[in-house]
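As a plain string of letters, each chain reads:
2 protein chains.
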Amino acid sequence: MSFDRMWAELAPVGRAADGGYHRYTWAGADTDARAWFTGEAAARGLDVRTDRNGNLWAWWGGPGPGAVATGSHLDSVPDGGAFDGPLGVVSALAAVDELRARGVRPARPLVLAVFVEEEGGRFGVPCLGSRLTAGEISPERARGLADADGVTWAEAMAAAGHDPDLIGPDPDTLASLDVFVELHVEQGRALEDTVHPVGVASAIWPHGRWRMDFTGRADHAGTTRLADRNDPMLPFAHAVLAARAQAEEHGARATVARSVIVPNGTNAIPSLVSAWLDARADSEDTLTAVVEGVRARAEAAAREHGVGVAMTAESRTPLVSFAHGLRDRLAAVVGTRAPDPRVPVLPTGAGHDAGVLAAHVPTAMLYVRNPTGVSHSPKEWARPDDCHAGVLALADVLQDLLARPVGEVAP
Amino acid sequence: MSFDRMWAELAPVGRAADGGYHRYTWAGADTDARAWFTGEAAARGLDVRTDRNGNLWAWWGGPGPGAVATGSHLDSVPDGGAFDGPLGVVSALAAVDELRARGVRPARPLVLAVFVEEEGGRFGVPCLGSRLTAGEISPERARGLADADGVTWAEAMAAAGHDPDLIGPDPDTLASLDVFVELHVEQGRALEDTVHPVGVASAIWPHGRWRMDFTGRADHAGTTRLADRNDPMLPFAHAVLAARAQAEEHGARATVARSVIVPNGTNAIPSLVSAWLDARADSEDTLTAVVEGVRARAEAAAREHGVGVAMTAESRTPLVSFAHGLRDRLAAVVGTRAPDPRVPVLPTGAGHDAGVLAAHVPTAMLYVRNPTGVSHSPKEWARPDDCHAGVLALADVLQDLLARPVGEVAP
Chain B
6 MSFDRMWAEL
16 APVGRAADGG
26 YHRYTWAGAD
36 TDARAWFTGE
46 AAARGLDVRT
56 DRNGNLWAWW
66 GGPGPGAVAT
76 GSHLDSVPDG
86 GAFDGPLGVV
96 SALAAVDELR
106 ARGVRPARPL
116 VLAVFVEEEG
126 GRFGVPCLGS
136 RLTAGEISPE
146 RARGLADADG
156 VTWAEAMAAA
166 GHDPDLIGPD
176 PDTLASLDVF
186 VELHVEQGRA
196 LEDTVHPVGV
206 ASAIWPHGRW
216 RMDFTGRADH
226 AGTTRLADRN
236 DPMLPFAHAV
246 LAARAQAEEH
256 GARATVARSV
266 IVPNGTNAIP
276 SLVSAWLDAR
286 ADSEDTLTAV
296 VEGVRARAEA
306 AAREHGVGVA
316 MTAESRTPLV
326 SFAHGLRDRL
336 AAVVGTRAPD
346 PRVPVLPTGA
356 GHDAGVLAAH
366 VPTAMLYVRN
376 PTGVSHSPKE
386 WARPDDCHAG
396 VLALADVLQD
406 LLARPVGEVA
416 P
Chain S
6 MSFDRMWAEL
16 APVGRAADGG
26 YHRYTWAGAD
36 TDARAWFTGE
46 AAARGLDVRT
56 DRNGNLWAWW
66 GGPGPGAVAT
76 GSHLDSVPDG
86 GAFDGPLGVV
96 SALAAVDELR
106 ARGVRPARPL
116 VLAVFVEEEG
126 GRFGVPCLGS
136 RLTAGEISPE
146 RARGLADADG
156 VTWAEAMAAA
166 GHDPDLIGPD
176 PDTLASLDVF
186 VELHVEQGRA
196 LEDTVHPVGV
206 ASAIWPHGRW
216 RMDFTGRADH
226 AGTTRLADRN
236 DPMLPFAHAV
246 LAARAQAEEH
256 GARATVARSV
266 IVPNGTNAIP
276 SLVSAWLDAR
286 ADSEDTLTAV
296 VEGVRARAEA
306 AAREHGVGVA
316 MTAESRTPLV
326 SFAHGLRDRL
336 AAVVGTRAPD
346 PRVPVLPTGA
356 GHDAGVLAAH
366 VPTAMLYVRN
376 PTGVSHSPKE
386 WARPDDCHAG
396 VLALADVLQD
406 LLARPVGEVA
416 P
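Taken in order, these protein sequences are the chains called B and S. In this text, residue positions in the first sequence follow the working numbering: the first is 6, and each later residue adds one. In this text, residue positions in the second sequence follow the working numbering: the first is 6, and each later residue adds one.
Careful: at least some of the hints might be erroneous.
Just a sample of chain B residues kept apart from chain S, beta carbon distances all over 10 Å, derived [unchecked claim]: (1) Trp41; (2) Gly66; (3) Arg107; (4) Asp152; (5) Thr199.
The calculated SDA-like cross-link candidates involving lysine to any residue, where the alpha carbons are at most 20 Å apart (straight line), are [stated by the list, open to error]: (6) S:Lys384 with B:Gly270; (7) B:Lys384 with B:Glu14; (8) B:Lys384 with S:Ala16; (9) S:Lys384 with S:Ala16; (10) S:Lys384 with B:Ala21; (11) B:Lys384 with S:Gly313; (12) B:Lys384 with S:Asn235; (13) B:Lys384 with S:Val267; (14) S:Lys384 with S:Val53; (15) S:Lys384 with B:Arg230; (16) B:Lys384 with S:Glu197; (17) S:Lys384 with B:Glu14; (18) B:Lys384 with S:Gly270; (19) S:Lys384 with B:Leu277; (20) S:Lys384 with B:Val267; (21) B:Lys384 with S:Gly24; (22) B:Lys384 with S:Asn269; (23) B:Lys384 with S:Ala232; (24) B:Lys384 with B:Ala21; (25) S:Lys384 with B:Ser276; (26) B:Lys384 with S:Thr220; (27) S:Lys384 with B:Ala16; (28) B:Lys384 with S:Arg230; (29) B:Lys384 with B:Ala47; (30) S:Lys384 with S:Glu197; (31) S:Lys384 with B:Leu231; (32) S:Lys384 with B:Pro83; (33) S:Lys384 with S:Val156; (34) B:Lys384 with B:Pro83.
Distance ranges between label pairs, derived from CB positions [as the list claims (entries may be wrong)]: (35) B:Pro344 with S:Glu254: 52 to 62 Å; (36) S:Ala364 with B:Leu231: 28 to 38 Å; (37) B:Pro376 with S:Ser320: 41 to 51 Å; (38) S:Arg230 with B:Ala301: 20 to 30 Å.
Because the hints were derived from the structure by calculation, they are not lab data. Quick reminder that beta carbons are idealized off the backbone N, C-alpha and C, glycines included.
Same shape as in the complex, but just chain B (with noise of 0.2 Å):
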């Protein structure tokens, strides 16, 4: 299978001696993953056309209207893992190749997309390139956005020889697209559970990001006694133990992983500690109950211990139910092929382009299983052949959509 040349190709681009991966936008890996990816896609006969922002799109017959559409993403976050987003971009150019050695010759047209700074990686915020394109956010913000030495969008963009003067939302190329299928290593181990390499998703669950600052009183660790001490690491201690006990209670996800220590010196109480929670649920009402849940801890403990506490949400996105109808469909077609017709439908706590598109677009997903769950790490991995079996997957729906009528695959 193609796959598997294909993978070993792209697999040193960015890859660190530990095995951890480093794909920057608009910087050295990423640019010679997105120069494989062009290549590949010209050596098939594909039109490769990068977009306003800065995303990729490789046709099969178009640029035109009703196109079924595939793809994923090249970018990494700071030590990622090999598979999360070039599994799904790898597994489209090899699903075209599937399609070719059936002979299937599309009555419209099938592309491949290729979106920019999925991750966040080094501007901060995910997926930049869909939801500038789904005009998700504007483009002043975004040419603004600067990475960690300082440099802006703009300037990286502008470096890198794309006009960041152009940017912005592009209802043309959405107009094009019919459906929209994104295949995605899974990032957690669900499948692993069961006998099927592919499953589908549901939704993606509701999550944010909200910032607490715990201000105390800078002291000395050794002289100052107990009693007249604000120290905000009690409190802040308190908010990472909530927020595991509040995921526990609501069957959600929630977790303290960052936060900055002022002045973090060993023998310094400190005046001001900065952490961020992370938090998902299945439904907005619970995503509000744990977070509500964790604030009214760390305000107990903070009060407790005389020290500030402010909590403000950072970003919050609502719950994204992927098209039921398309969902339904892919399931009962990967289910042909599956040891067991019925294919797991799981939702997600991860966002994804899929996600920003859906509002869009009609909208899939497929997951690809993960033994171990682990993701965003060195040590993220899918077996050969469940690879194997994605692109199978991949290519049977995406053979399944392009013989159905356009417009057809209504959520």
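Place chain S on chain B using the hints.
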């Protein structure tokens, strides 16, 4: 009183716009402060010498045996206060003025000391100047200590015009000292609850620093089921709270004020959380009980979450009990001028050069009242009247000691 003029002159040296001090050994503001001290001492006809380790000694009579010594340090912690260190140095100079105004003519030498790198603010090891002189750290290790930019002690010292090959134990200087008294701003607020502007030190609590490494597994915070996580933030949070609980239970101090989270991303369950425990108690056994209590809680929580934990002592300093005879003599002398003759005799949790010298020379400390107890912070403060009372108490003590036979004030 000359104290006020000197205090006003020294105050701007190394002070940032927000009031915090930045005086780091062998560089800018610390060098300026040392030059200021040398000028003040020279203006009084004192013979200023820099010893092999970079400590300054300003002799009134001598250098020679049987000296009564006083002094402190001029360097600061990052973003430190004005008083920790400089109060003892400026008060020593003002005490010389006071003794001269009284017509005191010492029968033996009086020497004013300024110790280098007391805070460890640049090279990480506190009391480095006094430790080198006392032979409590090897010259090889000291030369190799590096600051945050990788500049070593040897390189920085050489750049400042001193020969790093000469550093090491200085038994001759130690042997010339008959007694050492350090005046210091109080770093708690025990005196604030009394009528006393000045107190006497009884002991420096045994104290130390322990590093805790919690090793988990990197995972996606949005997609990894709670049951599949090995999140090191959770036992870390338990350890933070356990430090406080152990300190309360044992009447001690225990603080987690510093941590490093890897990778410290909002949606990335960490692979590693490192944290530092600072603990102090009135006895070795109590200190051990506190540390073992934190260890037990950290290990239990780590087991519960499938996280590894390693706890290692980075430093442990035993109890320093100041010479009892000298301590009682100081209390009696200070009591003659105090509003109540029963002068408080207080332990402290903080390390000092006096604590290092105490193993080699009869040593004592005076504390000047700190109304908030805040230290190692721009808000560190003492009332001017209390500072003046400190100068008079130090002058009284020095006058008393200078008039007594050499060798009389044994522990």
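Worksheet item: Quick check: which numbered hints come out false for this structure?
Response: 8, 10, 14, 16, 17, 21, 27, 29, 32 and 33
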